[in-house]
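Enquirer: Listed here are the chains, written in short residue letters.
There are 2 protein chains.
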Amino acid sequence: MPRTSRRREAPHYPDTADIDLLDVLHALSDPTRMTIVLTLGREPERACGTFPVDVAPSTLSHHFKVLREAGLIRHREEANRRLTTLRAADLEERFPGLLAVVTAAYANGE
Amino acid sequence: MPRTSRRREAPHYPDTADIDLLDVLHALSDPTRMTIVLTLGREPERACGTFPVDVAPSTLSHHFKVLREAGLIRHREEANRRLTTLRAADLEERFPGLLAVVTAAYANGE
Numbered sequence: 001m002p003r004t005s006r007r008r009e010a011p012h013y014p015d016t017a018d019i020d021l022l023d024v025l026h027a028l029s030d031p032t033r034m035t036i037v038l039t040l041g042r043e044p045e046r047a048c049g050t051f052p053v054d055v056a057p058s059t060l061s062h063h064f065k066v067l068r069e070a071g072l073i074r075h076r077e078e079a080n081r082r083l084t085t086l087r088a089a090d091l092e093e094r095f096p097g098l099l100a101v102v103t104a105a106y107a108n109g110e
Numbered sequence: 001m002p003r004t005s006r007r008r009e010a011p012h013y014p015d016t017a018d019i020d021l022l023d024v025l026h027a028l029s030d031p032t033r034m035t036i037v038l039t040l041g042r043e044p045e046r047a048c049g050t051f052p053v054d055v056a057p058s059t060l061s062h063h064f065k066v067l068r069e070a071g072l073i074r075h076r077e078e079a080n081r082r083l084t085t086l087r088a089a090d091l092e093e094r095f096p097g098l099l100a101v102v103t104a105a106y107a108n109g110e
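Chains as they are written, first to last, in the working numbering: chain A, 1 to 110; chain B, 1 to 110.
Hint data in this document are derived by calculation from the structure and do not stem from the laboratory. Among the hints, a few may not be true.
One side of the interface only, derived from the structure: several residues of chain B facing chain A at Cβ under 8 Å [stated by the list, open to error]:
1) 25
2) 44
3) 47
4) 106
Just so you know, even glycine gets a beta-carbon here, dropped at the ideal spot from N, CA and C.
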């Protein structure tokens, strides 16, 4: 099965200046992806299988890809684990205040 | 053709308290819909055919529906025209600062 090697291909990360607002809004418009972002807001780095979301691994991979390509998260490999971080500083540089307002709005809205 | 009467059925508008953040983010994640929202931010009320967007009428109807059901806009009929307004006060009440940050981010990002 080529799956693992495919998943581990070098992922694409947009440069901070190329982060697109509409991609960010789209990435945040899904409850699983919003939960991932909120979780990373509270905890700087997490292993990929440890997020409090109830979806199949392939679905989670898809959500990570959407978040990654929108510029919201970054992965790094450490030993056998893939760790995920929020690109909070990059997002703040690109769109000041956006992430704070959106995550506060989500917390208020629930 | 039943099209006109179908389009003129009483549209659904969520109450302010029921406006859902993920629906709002999704609605704003499209360039045509973002343009409609930005245009209404500058000008309080516009007739539906007068937005600076280059899409077919049926596509525009779809975008209005997404914006309406997300709680971003409201229509009212006046004579033969359907006028559209941004629900700016409702959005500010529900998610303080959100619309301002998002529209500023979009203006910066372009």
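Enquirer: Compare the structure with each hint and give your call.
Expert: Quick rundown of the hints versus the structure:
With a cut of 8 Å, the hint placing residue 25(B) at the interface with chain A holds, because the nearest CB-to-CB distance is about 4 Å. At its closest, the beta carbon of residue 44(B) sits 23 Å from a beta carbon of chain A; the interface hint therefore is violated under the 8 Å criterion. Among the interface hints, the one on residue 47(B) is violated; its C-beta lies about 26 Å from the nearest C-beta in chain A, farther than the 8 Å criterion. A cut of 8 Å between beta carbons decides the hint on residue 106(B): the least distance to chain A is about 5 Å, and the hint holds.
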